[in-house]
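Please build the complete structure, drawing on both the sequences and the hints.
Sequence lines, in order, name chains A and B.
For what it's worth, the numbering used here labels the leading residue of the first sequence as 1, then goes sequentially.
For what it's worth, the numbering used here labels the leading residue of the second sequence as 1, then goes sequentially.
Simulated from the structure, these hints should not be mistaken for lab results.
Only a predicted model underlies this, so the values are computations on that prediction, with no experimental measurement involved.
Beta carbons: idealized from backbone N, C-alpha and C, even for Gly.
Hints are not guaranteed to be accurate.
Claimed, not checked - Looking from chain A toward chain B, a few residues come up when the C-beta cut is under 8 Å (computed):
id: 1; residue: D12
id: 2; residue: D17
id: 3; residue: A18
id: 4; residue: E36
id: 5; residue: L37
id: 6; residue: A39
id: 7; residue: I44
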Amino acid sequence: MEGFEVVAAFVDGERVDAQTLKAALAQPDARDYLAELLALRELIGHSGSSPAQVAARPSRRWLIGAAAAVVLSLGSGYALGLGSGLAPGQDGSAVSGGVAPQPTRVIEVAPGASYVSSVSQGGR
Amino acid sequence: MADGASLFIEHRDGVFRYLCRMVGHAEDARDLTQEVFLRVARAPVRPGEPAERRAWVFHIARNLALNHARDGRRRPAEVVIDVDPGGRATQETAAAVQQALAALEDLDRDVFLLRESAGLSYDEIARACEISADAVRSRLHRARHTLRVALRAPVSEQIARGVRWKDSKS
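Put into structure tokens, the structure is as follows:
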């Protein structure tokens, strides 16, 4: 391993032969190289995005997706309501305006009548 | 066997940093990072050793970045400056760095970024890029030489300001 390579490997955290490293660092060129590698590393690190920086900014794509999902769900809900063909109140939902729904069956209560169903009579 | 969640926690930042540099756009990098870990989660078999798993995750990231570039979905590179008051990079320097990286040969750039942005070891880079460790060493050396020449002025300025020991993983 030549002088520059051993310095680079050392900077990169690789295991190197100590004697080779000592010999390399005795050379001014290798010492310059060491400083340049560290400077280059700082430049690369400082001029790049960090996850925290990007995470702090809302993703435009995400916002568009979320907006599209909201519009789609509102639109499909409206379309389903139209397609069901039910008048307000017929599907069991509350009718707006506070008006009670029309009765579908009227049961009259008469004195002495039994309202208990019996199985032998067909449960009716 | 590590599960997808632990791999995500362990490697999310490194994958994101690497992809940011590879695709040149933070939003695309974030989408691709999500895709990487979706694939990791879906994969039935994961390599056993931590170094192998790391290399495997970055192998997926690299393939996605290459596909992204091939699909022509590249947008103009966005240069994001470190807003930390301690950060000293200027817009000009950041643009110069981006330009110098773009001028590297593709595999040299991959190797360099896997080392400097993701902090992979030579063996891990070799696995991720499917080349030998010697090839990693020589490509890294060539990339650094090219970058030192291209970025001579910013490197000198950085040296004048001072350098500190910094592990590329951090």
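Taking the hints in turn, this is what the structure says about them:
With a cut of 8 Å, the hint placing D12(A) at the interface with chain B holds, because the nearest CB-to-CB distance is about 6 Å. The criterion of a C-beta within 8 Å of any C-beta in chain B is not met by D17(A), whose closest approach is roughly 15 Å, and the hint is violated. Evaluation of the A18(A) hint against chain B yields a violated restraint, the C-beta minimum of about 18 Å exceeding 8 Å. Proximity of E36(A) to chain B holds as hinted, the smallest CB-CB distance being about 5 Å (cut-off 8 Å).
Contact between L37(A) and chain B, as hinted, is supported at the beta carbon level, the nearest pair being about 7 Å apart and thus within 8 Å. The criterion of a C-beta within 8 Å of any C-beta in chain B is met by A39(A), whose closest approach is roughly 4 Å, and the hint holds. A cut of 8 Å between beta carbons decides the hint on I44(A): the least distance to chain B is about 5 Å, and the hint holds.
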